[in-house]
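**Q** Order-wise, the sequence lines are chains A and B.
Residue 77 in the UniProt record's numbering sits at position 77 of the first sequence; the count goes up by one each step and never skips.
Residue 216 in the UniProt record's numbering sits at position 216 of the second sequence; the count goes up by one each step and never skips.
Treat the hints with care, as some may be off.
To be verified - Not everything, but these chain A residues come out facing chain B in the computed CB check (under 7 angstroms): (1) Leu73; (2) Tyr84; (3) His101; (4) Gln104; (5) Ile123; (6) Asp142; (7) Phe154.
Rather than coming from a laboratory, the hints here were simulated on the basis of the structure.
The C-beta atom is built at its ideal place from N, Cα and C for all residues, glycine as well.
Protein chains: 2
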Amino acid sequence: MSTDHYDLYYWPQIPGRGEFIRLALEAAGASYTDHANRDDSPACLFPLIDASFTGREGNPPPFAPPILHHDGLWLSQTSNILLYLGPRLGLVPADEAGRLHTNQMQLTIGDFTDEIHDVHHPIAVSLYYGDQKTESLRRAQDLRDNRVPKFLGFLERCVQDRGGWLLGRPSMTYADLSLFQTLEGLRFAFPRLMRAIGDRYPKVSAIHERVQRLPALQPYLRSRLPFGDGLFRHYEELDEPEQSE
Amino acid sequence: MSTDHYDLYYWPQIPGRGEFIRLALEAAGASYTDHANRDDSPACLFPLIDASFTGREGNPPPFAPPILHHDGLWLSQTSNILLYLGPRLGLVPADEAGRLHTNQMQLTIGDFTDEIHDVHHPIAVSLYYGDQKTESLRRAQDLRDNRVPKFLGFLERCVQDRGGWLLGRPSMTYADLSLFQTLEGLRFAFPRLMRAIGDRYPKVSAIHERVQRLPALQPYLRSRLPFGDGLFRHYEELDEPEQSE
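Turn these sequences into a full structure, and let the hints guide you.
**A** Take a look at the structure:
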């Protein structure tokens, strides 16, 4: 197999954190196999995250998916995979400072999505949402009132000009793609909240629109997995209460 | 000022996530100013995290500390700062794969410490512990029963040989220093739990011991800040219940 071909391993049936990797691969038109949604998906993934696995070909074991395999190298952790892919896919500035700042932005977007996830799992990932709903309702209020405005306000501040990208660079990076996906997830999970406050972040919304229209992404965006019960989930009771007239 | 001098900005009075950076700088004998605990600390930090700050010298603004300034470059996000410092301080392998795997390990240790933090703040970082104690008690049980064993078991599996370092490399990396700090934090926050299960992770414990004895760290370890009310906190009710005789 060519060294220009990538292999991605992730949980089946949800976009989840794997989607940040897929969007980068798709936007760059890279050749890859998405092992998450094939018949052999469990057989491929489970040995890689088994509690006895110590890694392959001199690589350390992953703690969790997404996992990328390329040219003998096995990588995990979303931002780490994107750090590797960035220069290879032309989705990061060439200089060290630009790469570090893109990674920094990706990590902050990752922190944001972790908090959005934790709203429906504030007590334990091993419990169902229904078993931690009381705590979720309380945490959701803080997310809506404080955290979403703080993160979106921060990201808005990072875009220097309307019509520009994150980091004020002339070129799109993988962090812009992740920002797009996070906006998509927020609008899916919290439609009322985003209708109420979305207008406050015009530069962030403009990046979302530009990514959504990228020619390279069109076939993929039409056919990809719905959010389902993954990282971003829609529970009506966690969204903004409707305003009374 | 020499370009070999680093400036670190962080919250005052707690080791927190700044400590992962300090341990790397200290272990390498680097020259740095720790602006977190000087008289001018608030005056230095607050403009950098102000809600109107858009960055300095072409650098994007940080979302939160720790923040490193070096040679015109401003960086935030703990793992990103260590990614930058690693090769400069000799705390990472020279090859790309080694650097990515060290970053991957650091990110997993960061996820672990985030979960340890979230035990005392399961609802909102803006609320006091006392205002979310009911939820903390519930989350702490999951941390003790599932998450600490899962993360420590994983890290133990990453050490190839007793007496070795994480990643099976002959040399110590900054991820080993962060593992040491995480063990320190766990023993402080959950002393009963760690007395009960600590023996199950002899390779992880051996790394802790080796770091604790590093000659370069001795003066610093004797004088550094106590944990206090930071990332790792000791609340007796969140620790393992004493076993009845």
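**Q** Now, for every hint given, state plainly whether the structure supports it.
**A** These are the hints, each one checked on the structure:
Among the interface hints, the one on A/Leu73 holds; its C-beta lies about 6 angstroms from the nearest C-beta in chain B, closer than the 7 angstroms criterion. The beta carbon of A/Tyr84 is positioned within 7 angstroms of a beta carbon in chain B (closest approach about 6 angstroms), and the interface hint is therefore held. Contact between A/His101 and chain B, as hinted, is supported at the beta carbon level, the nearest pair being about 5 angstroms apart and thus within 7 angstroms. Below 7 angstroms, beta-carbon pairs count as interface contacts, and A/Gln104 has one with chain B at about 5 angstroms; its hint therefore holds.
With a cut of 7 angstroms, the hint placing A/Ile123 at the interface with chain B holds, because the nearest CB-to-CB distance is about 5 angstroms. The beta carbon of A/Asp142 is positioned within 7 angstroms of a beta carbon in chain B (closest approach about 4 angstroms), and the interface hint is therefore held. Hint status for A/Phe154: holds, given a least beta-carbon distance of 5 angstroms to chain B, under 7 angstroms.
In the structure shown, no violation is registered for any of the earlier numbered hints.
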